[in-house]
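Make a model of the complete structure from these sequences and hints.
Residues 4 to 120 (my numbering) make up the sequence shown, in order.
Derived by calculation from the structure, the hints in this document are not laboratory data.
Bear in mind the structure is a predicted one, so any value in this text is a computation, not a measurement.
Errors might be hidden in some of the hints.
Pairs of lysine-lysine, DSS-like flavour, derived with a Cα cap of 27 Å [claimed, not checked]:
no.	residue 1	residue 2
1	Lys65	Lys76
2	Lys76	Lys44
3	Lys44	Lys87
4	Lys65	Lys44
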Amino acid sequence: QLQASGGGLVQPGGSLRLSCSASGSIFSIETMAWYRQPPGKQREPVADINSGGSTNHADSVKGRFTISRDNAKNTVYLQMNSLKPEDTAVYYCYVISIIRGLPFEFWGQGTLVTVSS
4 QLQASGGGLV QPGGSLRLSC SASGSIFSIE TMAWYRQPPG KQREPVADIN
54 SGGSTNHADS VKGRFTISRD NAKNTVYLQM NSLKPEDTAV YYCYVISIIR
104 GLPFEFWGQG TLVTVSS
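Listed below in structure tokens is the structure:
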């Protein structure tokens, strides 16, 4: 129901743009977010954006990554610039949808980002 794309291999200092689209069965989306899980480490939040467009970014990515969303397309993006080897991780998109007044969480399948020379 969440389809993420855009990962790949990039050199340090390079850029990538991740995308994640929610299928039509997911609607009334309140929060869209990106998490990542570096090799051998726990999953951690990267950035989130609410339906009003307010955003939060982890300190480790501030000034380098930017989250955005297109509500008409139910799609969230993560523009990643000035990538560092420590950004290497599987990136997951995450959505909170309000259904009949209750919050439901959805996770994407993950897309691998490798930053290496």
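Here is how each hint holds up against the structure:
| no. | hint | in the structure |
| --- | --- | --- |
| 1 | Lys65 to Lys76 | 25 Å, holds |
| 2 | Lys76 to Lys44 | 32 Å, violated |
| 3 | Lys44 to Lys87 | 17 Å, holds |
| 4 | Lys65 to Lys44 | 20 Å, holds |
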